[in-house]
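S.K.: The lines below spell out each chain.
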Amino acid sequence: MRRLLWPAVVLALVIAYPLLFSTPFQQRLGALVLLYAIAASAWNIVGGYAGQVSVGHVVFFGCGAYAAMGAYAHFGLSPLVGIPVGIIISVAISAVVGVPTLRLSGHYFSMATIAVAELVRLIVTNTEYLGAAVGLSGPTVPRNVFDLSFISALPYYYLFLTILAITLGLTWWMANSRMGFYLRAIRDSERAARSLGAPASRTKLYAFMLSAGLTSVAGALYAMMFGFVDPESGLGILISVKMLIMAALGGAGLLFGPLVGAAILVPLEEISNNLLGGKGAGLTFVLYGAIIVLISRFQPGGILTLIKRLWSRRREGSPPKMAPGASHAP
Amino acid sequence: MSTIIVQVIVGGLLLGAIYALFSSGLTLVWGMMNIVNFAHGDFVMLGMYVAFVVWTLFGAGPLLGAPLAAVVLATLGVVVYFGLIREIMKGPMLAQILGTFGLALLLRYSAFWWFGANFLTLPENIVGGTFDVLGLRIQASRLLAGGVALLVTLGLHLLLTRTSLGSKMLAVAEDSTAAQLMGIRPDSMQAIAWAIAAGATGLAGALIATFFYIVPTVGETLAIVAFVTVSLGGFGSVPGALMAGLLIGVIESLSAYLIGAVYKDIVVYSLFLGFLWFRPQGLMGKT
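As you go down the protein sequences, you meet chains B and F in turn. Going by my numbering, the first sequence opens with residue 1, and the numbers climb by one from there. Going by my numbering, the second sequence opens with residue 1001, and the numbers climb by one from there.
Just chain F, with the same shape it has in the complex (with noise of 0.2 Å):
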């Protein structure tokens, strides 16, 4: 029994460094621009989908699939900073939030009409099978993903707060005005950003598609786990969200394991309106 506890938790905290990495996407942009990506879950979509082609056209597993699932989502990232979110940071906040839900719903269909509505999986042994440890067993898959996951948040932290990248990107998320006094080009840096958090993103998809269905609105349930991650570890911060995220996939792993898998998102979701009830500065932010 308890083994069985310990085993739904450390298969939660796996899952939670997936939801980290790509809740530190979202909330990188939104600490530094104040703007939501409502498309964010469509970001981690398309990369399942490019390791699922990766797979399909090559016969590679994340090895390929990962690293070109980042670049291709960095790719877009770009895209979509200098083609619609610079302008429309500019218009009023009904043009913010209609722009970047519209371009969940661009997204989404597209998928859905070039991949269709079906439930795809990669073959389960993708990544070598299942090995026990301290009498855990635990999937390969799962377990690289989780780590990755993981290590990749850890890289994005050190690279916001010990590089002087990550400090022009404060600087210009501090005061994008005075960062410009200072010679350095908000637009730059914004873009930058965009790249890193929509690569991160896409990262992340191709890393829970080794063992998570892929579907075209499977983004709708991760842009709320998103939300609820950030919300949880506070605006801007990504040891906050890394934090939520592991929080989270343990809760949704055990009220999946003690009250029953349909019930799991249930939880979730209402975790986060009490949030916003209660504490909407999140867990560690400030009031």
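For reference, chain B alone in the conformation it holds in the complex (with noise of 0.2 Å):
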């Protein structure tokens, strides 16, 4: 009982999150929190749980934003319908990256990601029925509530905290399940796990599609939110850079990793923007990467890994006493 307690706690503050700070504000910077840790744990499958290192993601993240505003744009129908296109593009891109790199070493699997991400990029800006450079736009006014188009942040922090629930259990469920076992076996030793027989490559391209597909809504919910989508928001390569930093820094591989990521780096960037206005926007990217290279320097595991370890060392109690000059080990 008394280990459901502290998690029981947490959840209900989150869901009492935007009613106790219920400025307009603050309720927007939970739904960003919120929206980034889906779009974080998506990452995180094919990122952290497969070890796969995707720097490209957000092609993923573009096909939800653009399919939810296509369909409102050209067909005049709810960005909802959208969402399912969105996956299928996604997953199959993922599919046309995947199967060829995903056979050879995880350097291959990294530059494929940036350069379809790149290639997509350059395309839709060179594409008219895609808005170009322009972009595409939601609906202004919404004509119903299928249309996901609210004035107040509060709808959208339900709807995002919703669907992080289903991206954290679905990656729970992927975790514990064979597939789990065999990405783990995978990540220690890649060699060792195929000799015994687990089928590495296509367990690796499945974390991959399922990623992909995930990443793609939250790209759709992203568009929603904001009612348009453009090639700097929906494909800019500091999207990918965002997703990537934030499961690293909580701890790539870990289930809640990339929601302590995105709480601790989204409240940063807008309070830096705040701050600094248009200027800080290049400080703000330096200081990412300067965390990307603290982080991969001495703590690869992320903030949660090291928390684990220092809250075991003290479970364990104080190390025993030794009798004076035994401290060495024989």
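If you are wondering where the hints come from, they were derived from the structure by calculation, not from laboratory data. A hint or two may mislead.
[Claimed, not checked] Residues on chain B that point at chain F, a partial pick, calculated with CB under 7 Å:
| # | residue |
| --- | --- |
| 1 | 53 |
| 2 | 104 |
| 3 | 106 |
| 4 | 110 |
| 5 | 122 |
| 6 | 252 |
| 7 | 296 |
| 8 | 297 |
| 9 | 301 |
[To be verified] Just so you have them, the derived chain F footprint on chain B, three or more residues with Cβ under 8 Å:
| # | segment |
| --- | --- |
| 10 | 89-101 |
| 11 | 232-244 |
[As the list claims (entries may be wrong)] Between beta-carbon pairs, the in silico distance windows are:
| # | chain 1 | residue 1 | chain 2 | residue 2 | range |
| --- | --- | --- | --- | --- | --- |
| 12 | B | 196 | F | 1086 | 27 to 35 Å |
| 13 | B | 307 | F | 1159 | 21 to 29 Å |
| 14 | F | 1056 | B | 13 | 30 to 38 Å |
| 15 | B | 273 | F | 1056 | 27 to 35 Å |
| 16 | F | 1159 | B | 299 | 32 to 40 Å |
Computed from a predicted model, the values in this text were never measured in an experiment. Every residue, glycine too, gets a C-beta built ideally from N, C-alpha and C.
Put the two chains together into one complex; each comes in its own frame, and the hints tell you how they fit.
M.R.: Okay, structure coming up:
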């Protein structure tokens, strides 16, 4: 029972947050944290659990965002209709990139993802149908509730919370299924896993496809909340960076790592943008770069791994007292 | 018509020689340590800004800018090796990719913050004008840049294959433990490799700056060009990078001329993905 106490308190706080902190700014901040947590959790499936570092994940985010806005702009449909379309396109792209590269070493995968993201950005920027450099807009005035266009951030908060719960649920289920065991084995030693019969390439591909589909949902939600998408906001490399750094800071390969990362970095970015204005944008990303370098250099497991280690050290109690002079292991 | 095509091809070869030079840096480090430097394009970008700063401060052209860029970047390479690369090589794959990727962001947005997002250019006549050869009009800046790049790339190849330093570096690449037993220090060899790779990349940046726009995000595009070149030429092979660099320069120039400038990157990136599908070991690599 006591084990469930703290998680229950945290969950209650998360649910009550927009009621406790009810200014528009605070509610919007909460919604943004959850939105980025969805995207970063989706990245975590392939980047953390499968250990394949995608640096072009924004391409899936963009597919979702463009599909949602396209459904409205071209067919007058609810942006919701775009979600399944975005998922299908994203999963297809992930297969095209994943099939050849996931057989090779991880570097190829990273290079291919960055190239495909740039390729898609260039193509979209030069395609009139997709709004070229201007982008696509959603409904300015909501026609009905299915347009998911609200003035208050409150409905978005609970919508995003639901989707985040589903994403984390899927991740948890995957991690504890046969696939999760394969992934862990592959991440520790791909050669050993293969020799024991784990279908390494296929398992990594499934993880990539699942991750791509979920990322596209995050993109669609983003476009609905902001009501438009353009090549910069939907396909810019910095969105890939945000997913990656949030997951890595919190703890890549841990269920709640991306959420912790988002809860730290999103407010930080909002504050730095508010304090520094336009000039802050560049500086924020200098800081991001520095954080990524420091994590990879000193704490590749992220904050949660660090906390876990400190926690378990404390639970074990103070180290056994040794007789003076016997501090060296034999 | 045909003269124009020939001119486009020659222009592509001269550009391709620079691609070959900075890709040699990437392939050297990759072949030796099996690590991909995702900040490689941003090393080129820094080389370009060094050339720009040299021009604004001293009014000097690439004669001073290029060697200085090579020295500055070689120093940075050594610092990066000891400060970051040596440590993350012991870590998991995630740390290796994140480390250099974070470095890329750090360099790119530091440049953004310091120099702003404007497109900068060196004056067009910084290397005297244009001249005609066999009915082709060639810009002196491109000829100088391409020629120097070609020579330096060949020099790198000779350094790796014909000198004792090169042999030591190849020994470390082959088996660093065995090399250590032969009295070679893998640590210093790898640091030297980073110095050479980053220095060559900085030089390439200063050369390309004489006719290319300078902007903090230029490294992103150039990094992908380097990835394409290296994967086409085979990993760790300087002659492969040379051939592939020249080929990509020509393909890029031809596609810019034939289907439009905005599509040249699309062609190159598609080529890269196509190669990963059908021939990931590169043109000259073994199975």
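S.K.: Decide, hint by hint, whether the structure agrees.
M.R.: Now for the hints, and whether the structure bears them out:
1. 53: holds, 4 Å
2. 104: Interface hint status for residue 104 of chain B: holds (6 Å vs cutoff 7 Å).
3. 106: holds, 5 Å
4. 110: holds, 5 Å
5. 122: Holds: closest Cβ of chain F sits about 5 Å from residue 122 of chain B, inside 7 Å.
6. 252: Hint on residue 252 of chain B: holds, closest Cβ of chain F at ~6 Å, below 7 Å.
7. 296: holds, 4 Å
8. 297: Holds, about 6 Å.
9. 301: Where the cut-off is 7 Å and the nearest Cβ of chain F is about 9 Å from residue 301 of chain B, the hint is violated.
10. 89-101: holds (count 5)
11. 232-244: holds (count 3)
12. B:196 x F:1086: 27 to 35 Å: Check passed, 33 Å falls within 27 to 35 Å.
13. B:307 x F:1159: 21 to 29 Å: violated, 49 Å
14. F:1056 x B:13: 30 to 38 Å: For residue 1056 of chain F and residue 13 of chain B the Cβ distance comes to about 54 Å; the hint is violated.
15. B:273 x F:1056: 27 to 35 Å: holds, 31 Å
16. F:1159 x B:299: 32 to 40 Å: holds, 38 Å
Going down the numbered hints, you'll see the structure goes against 9, 13 and 14, while the others check out.
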